[in-house]
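Going down the list, the sequences are from chains A and B.
Under the numbering used here, the first residue of the first sequence carries the number 1, and numbering increases by one thereafter.
Under the numbering used here, the first residue of the second sequence carries the number 115, and numbering increases by one thereafter.
Mixed in with the good hints, there may be bad ones.
Here chain B is said to cover these stretches of chain A; the calculated rule only asks that three of the stretch's residues, wherever they fall, bring their Cβ under 8 angstroms from a Cβ of chain B [as the list claims (entries may be wrong)]:
{"#": "1", "stretch": "76-86"}
{"#": "2", "stretch": "89-96"}
Taking lysine-lysine pairs in the DSS-like style, the calculated list, with each CA pair at most 25 angstroms apart, reads [as the list claims (entries may be wrong)]:
{"#": "3", "chain 1": "B", "residue 1": "K219", "chain 2": "B", "residue 2": "K478"}
{"#": "4", "chain 1": "B", "residue 1": "K138", "chain 2": "B", "residue 2": "K481"}
{"#": "5", "chain 1": "B", "residue 1": "K372", "chain 2": "A", "residue 2": "K57"}
{"#": "6", "chain 1": "B", "residue 1": "K322", "chain 2": "B", "residue 2": "K417"}
{"#": "7", "chain 1": "B", "residue 1": "K228", "chain 2": "A", "residue 2": "K37"}
{"#": "8", "chain 1": "A", "residue 1": "K106", "chain 2": "B", "residue 2": "K364"}
{"#": "9", "chain 1": "A", "residue 1": "K57", "chain 2": "B", "residue 2": "K271"}
{"#": "10", "chain 1": "A", "residue 1": "K35", "chain 2": "A", "residue 2": "K106"}
{"#": "11", "chain 1": "B", "residue 1": "K417", "chain 2": "B", "residue 2": "K386"}
{"#": "12", "chain 1": "B", "residue 1": "K481", "chain 2": "B", "residue 2": "K459"}
{"#": "13", "chain 1": "B", "residue 1": "K474", "chain 2": "A", "residue 2": "K11"}
{"#": "14", "chain 1": "A", "residue 1": "K106", "chain 2": "A", "residue 2": "K92"}
{"#": "15", "chain 1": "B", "residue 1": "K124", "chain 2": "B", "residue 2": "K488"}
{"#": "16", "chain 1": "B", "residue 1": "K272", "chain 2": "A", "residue 2": "K35"}
{"#": "17", "chain 1": "B", "residue 1": "K481", "chain 2": "B", "residue 2": "K228"}
{"#": "18", "chain 1": "B", "residue 1": "K344", "chain 2": "A", "residue 2": "K35"}
{"#": "19", "chain 1": "A", "residue 1": "K57", "chain 2": "B", "residue 2": "K364"}
{"#": "20", "chain 1": "A", "residue 1": "K21", "chain 2": "B", "residue 2": "K364"}
{"#": "21", "chain 1": "A", "residue 1": "K57", "chain 2": "B", "residue 2": "K386"}
{"#": "22", "chain 1": "B", "residue 1": "K228", "chain 2": "B", "residue 2": "K488"}
{"#": "23", "chain 1": "B", "residue 1": "K253", "chain 2": "B", "residue 2": "K192"}
{"#": "24", "chain 1": "A", "residue 1": "K37", "chain 2": "B", "residue 2": "K271"}
Calculated directly from the structure, the hints in this document are not laboratory data.
The beta-carbon is built from N, C-alpha and C at its ideal position, and this holds for glycine as well.
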Amino acid sequence: MKKPKQKIILKGIPASVGIVKGKIRIILDPSQCSKMKEGDILVTEMTNPLFTPAIVKASGIVVDLGGVLSHSAVVARELGIPAVVGTGKATKVLKDNMLITIDGRKGIIYAKTK
Amino acid sequence: MVEKELSMQKLNEQIDKLVNIIVKSILGAKSKEEPSVLTLWPLPTTQGVLYWGEEWAKKLNQVLHLIEEQGISDKDIKEYLKFPSKIVHFLWRCGDAVKNSGLTKEEKLFMIKKLFEILSIFRKENLFCENGKNMIWDKKELEIYEKNLYWFSGENKKLNQLISNFKASLYLYTELLYWAQHPLGHCFHGPYPEKQGDLLIKEYFDLKPKVWPFSQVLNFSGGEIFEIYKKGTAPRIKLEFFERGIQTTKSLKQDLKKFALRVDKKTIKKAKEISQFLENLMEVIKKGGKVIQSLNTQQMIEKHADYWFYALKPLYDLVQEDWHPPKQVRDNIYKRYEELDVIWKEMAKERSKMAGLPYKEQVKILKEEFDPRK
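Same shape as in the complex, but just chain A (with noise of 0.2 angstroms):
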């Protein structure tokens, strides 16, 4: 079967392994931690403690800011979920709901194409 083509729409740097998929939820601030379902991916700027009922529910992180000691990229390698930092602009490209797919280990941001 042929795979599907993915669209390469941001990189950043790698923080913790894996691959997953998921509905993007961009949270600014942590009033909005409500608005995360479980198995959503976390998109902020950085990660901070105020974060933590969202970063607990979420499937991936990716975060504007930080490098690959930073405590978001720490932060998901407690949880064992993929994370990308650095990407300079996640909150401004990504949209809310926007299906994507993460790849920690390249660190990239797929978007399926038809």
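Take the given structure of chain A and dock chain B to it, following the hints.
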């Protein structure tokens, strides 16, 4: 004379390595384009240090002298400190608070030397965790754990998820309490080669510091998580000097064979108990988050100062003296705020200019900034 020169040479080598690690840590926490240390939640450490660093350095100097004068034994130091995490972060502060304290060069070198001596009580020969290992337990200590634990299967998906959530929440909680210096509340050590696999130990402590009244409703003040990974996983479990967590980007979750927990020294035998601790933890994080969000910059700096002085408590307890910050710290925060804020803004401006510079250039600037000998 020769002995003195050799000791100085050794200290200089240690300081070189320390400065290298500080710089690597700062740069590793950010992407190339970001200005370093300016994006730390909720307050850049450098900003806080400007207000309390000098007094803190003097207080650290005082207690290190008292320890030396009173001839406190390594055994007592180990018993009071329990973990090397605080000491390594005191060493980081030698790159800013101590460096800019106005103490003489001799005093600064005395402090760094003493801190490395204390660190060696825990880490023996492997002070810098150069092989990705942080081996602080000996055979005897490992034997005690083997006798008193109840093991849960890491291969059970639900249990694996539960412990992952608990681990991440604990980690985030220490970040809530101690911000970028979260290892003031945790120590990850190992991996120890065991019969059953590679053992990694994550110890959490000081989870209810009086500095944070919201923490008092947490149902426990510390705990240990023991993780046995499949044999051969050890090279992928990378720990580092400042104990800030696992540094490898590789996944470990699927290699977790089993895990055990002790909370406030009590062995946990039911998954339901872990769920209850997790639930309580989430509640406290929520409350604590609201408290921190309500603080203004001055109040934040005051908290920052408070927990950094609180970190000195085990050393001060050893010599039976008071660890609290002197009045000057509050005066700096509330009476000299504007004056010091001008300096901070200037520093932040300089830092911003660093963003986007070639990596080597950033390393050079930061090395200069954090080398306590310069």
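Verification of the hints:
no. : hint            : result
1   : 76-86           : holds (count 6)
2   : 89-96           : violated (count 0)
3   : B:K219 - B:K478 : 22 angstroms, holds
4   : B:K138 - B:K481 : 10 angstroms, holds
5   : B:K372 - A:K57  : 23 angstroms, holds
6   : B:K322 - B:K417 : 14 angstroms, holds
7   : B:K228 - A:K37  : 50 angstroms, violated
8   : A:K106 - B:K364 : 11 angstroms, holds
9   : A:K57 - B:K271  : 15 angstroms, holds
10  : A:K35 - A:K106  : 28 angstroms, violated
11  : B:K417 - B:K386 : 35 angstroms, violated
12  : B:K481 - B:K459 : 21 angstroms, holds
13  : B:K474 - A:K11  : 23 angstroms, holds
14  : A:K106 - A:K92  : 21 angstroms, holds
15  : B:K124 - B:K488 : 18 angstroms, holds
16  : B:K272 - A:K35  : 23 angstroms, holds
17  : B:K481 - B:K228 : 22 angstroms, holds
18  : B:K344 - A:K35  : 37 angstroms, violated
19  : A:K57 - B:K364  : 21 angstroms, holds
20  : A:K21 - B:K364  : 19 angstroms, holds
21  : A:K57 - B:K386  : 19 angstroms, holds
22  : B:K228 - B:K488 : 19 angstroms, holds
23  : B:K253 - B:K192 : 16 angstroms, holds
24  : A:K37 - B:K271  : 19 angstroms, holds
In summary, the structure is inconsistent with hints 2, 7, 10, 11 and 18 from the numbered list given earlier, while agreeing with the others.
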